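2 protein chains.
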Amino acid sequence: MNTASSITVIKIGGGEGIDLAPILEEFAQRIAGGERIVLVHGGSHETNVLSERLGCPPRTITSPGGQVSRRTDRQTLDIFTMVYAGRINKRVVEDLRRLGVDAVGLSGVDGGLWTGERKTAIRAVENGRTVVIRDDLSGKVVDVDASLLHLLLGAGRTPVLTPPAITRDGVAINVDADRAAAMTASALGAGTLLLLSNVPGVLADPADPASLIGRASDPELVRAAAKGRMKNKVLAAEEAIAGGVGRVVIGSANGAGAIGRALSGEGTVFERITERVGA
Amino acid sequence: MNTASSITVIKIGGGEGIDLAPILEEFAQRIAGGERIVLVHGGSHETNVLSERLGCPPRTITSPGGQVSRRTDRQTLDIFTMVYAGRINKRVVEDLRRLGVDAVGLSGVDGGLWTGERKTAIRAVENGRTVVIRDDLSGKVVDVDASLLHLLLGAGRTPVLTPPAITRDGVAINVDADRAAAMTASALGAGTLLLLSNVPGVLADPADPASLIGRASDPELVRAAAKGRMKNKVLAAEEAIAGGVGRVVIGSANGAGAIGRALSGEGTVFERITERVGA
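One line per chain: the protein sequences are L and A, in this order. First residue of the first sequence? That's 1 in our numbering, and the numbers climb one at a time after it. First residue of the second sequence? That's 280 in our numbering, and the numbers climb one at a time after it.
Watch out, some of these pointers could steer you wrong.
The following label-pair restraints were derived from C-beta to C-beta distances [stated by the list, open to error]:
hint, chain 1, residue 1, chain 2, residue 2, range
1, A, P336, L, D143, 41 to 47 Å
2, L, H150, A, P343, 48 to 54 Å
3, A, T394, L, R123, 48 to 54 Å
Beyond 12 Å from chain A on every Cβ pair, some chain L residues (computed) [claimed, not checked]:
hint, residue
4, M82
5, V142
6, T167
Note that these hints are calculated values from the structure, not bench results. Owing to the predicted nature of the structure, the values given are computational and were not obtained by experimental measurement. Built from N, CA and C at the ideal position, the CB exists for glycine as well.
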């Protein structure tokens, strides 16, 4: 049996403009080579598209601190679940199986894989006023049932995970997939977490891809640079490192060899500061 | 460890007018009482509703023999998967978890649970002419990976299964959930299969609920009476019995104690003819 640290968790974003085919092919090659990887995916862009088609355009909540999240009422959660756990999860599993991977798709609801806490009161800024929203079906993952993942990994199967999560009371909630991936990596004792999306990493200037911050050695600098959805990725990276993951890379999901490039440090790298014995 | 024959497979239909709440509550009570049950569900009605909302109204194929099935192009399969594997599967899992069941939702694609064979040429009657359809993404389950189900059942978890299935080449296909449930029951060596829906069983006269055929002792009579979707249920029941399942009941999913009533023989009962020793 491999040691737990040989597990890698890879999150592939659900933003616009990500071509899944090359990265899933690279993923399959690595699984065939004996690597143990848990895949987590999002689905925000396709959720927005379906929401528009169904006549309920996506709405967002902006926190007083500037963090943007999806306003999730019951109807939105239904659409969200159809896209994340239905369409995208099963397409990814279908594609991976065609590539020879014994993939098993699960949402965080299944087996109570991702236990979440619902936000009972969300402070939001609307038209310049701060309001409190109490009926939102969103929250964050606070516990991961690693036993179900170990059961599947131990049987040579590859878990493919996606939101929603579920509260202890049994209510499905929208959670951020980057932070859920971070919690999963921590719970599995993963050595590495890759957060791959349609941007090359944390940019000092979001308009300039050349302004990539390669090493997150100054947390304040990285946090200040991260805008919009990148804020969640930086938070996820920091949570994973605090949870014992050795290395996190925020990098690009696009182009040939995206996984290999991220593993070799292309992107913004977060590392756990460890005592170096004999250095 | 229980013997394999103590496993029950229950299929709950996805037709209009099924109230899931009471039957899921009864299901949860039975799981709490130590029964081992695998749940299979459909989603035809909600798929039709979403198809209409998305501007692609459902189309059907009528075989020369009068069997009606869903015309499934890639867009239809996407909608089908969103509803079956996304919305309904995760809602059922959410509801069951709230009721204390450690439910894990899986489609037939996941882990290659349901291997299907795609129909490469479907003969259909259109405007009185027989045509051949070659691009349909539908077929039937030919193999069930019982090992994944045993892995979950052995860990005290309850599988909740739904179409689509997947071909050996890795293509997701629409399959009939009743017949998939029958294949699952056979593969698990289940003692009992219940096919519960919005009708009380096979009716000699579909318009008259009092014309219920209680015992399927004359296969020709039952087959002749079954119309429309009921044809598939009768076929599923016969396939399950041929596959070694002891008893199949086609019954109602509605009303208090629907599972208990079906188990006690309310509905149309199919039984395996066994050698009676010492009778």
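Distal placement of L/T167 relative to chain A, Cβ over 12 Å = Nearest chain A Cβ is 9 Å from L/T167, so the label is violated.
Determine whether the Cβ-Cβ distance between L/H150 and A/P343 falls within the hinted range of 48 to 54 Å.
-> holds (51 Å)
Distal placement of L/M82 relative to chain A, Cβ over 12 Å | violated (4 Å)
Chain A versus L/V142 - minimum CB to CB distance exceeding 12 Å, so not interface = holds (16 Å)
Outcome for the supplied range 41 to 47 Å, where the beta carbon pair is A/P336 and L/D143 | holds (43 Å)
Can you let me know if the beta-carbon spacing of A/T394 and L/R123 is within 48 to 54 Å?
-> The hint (48 to 54 Å, Cβ to Cβ) holds, given that A/T394 and L/R123 are roughly 50 Å apart.
When held up to the earlier numbered hints, the structure conflicts with 4, 6 and fits the remainder.
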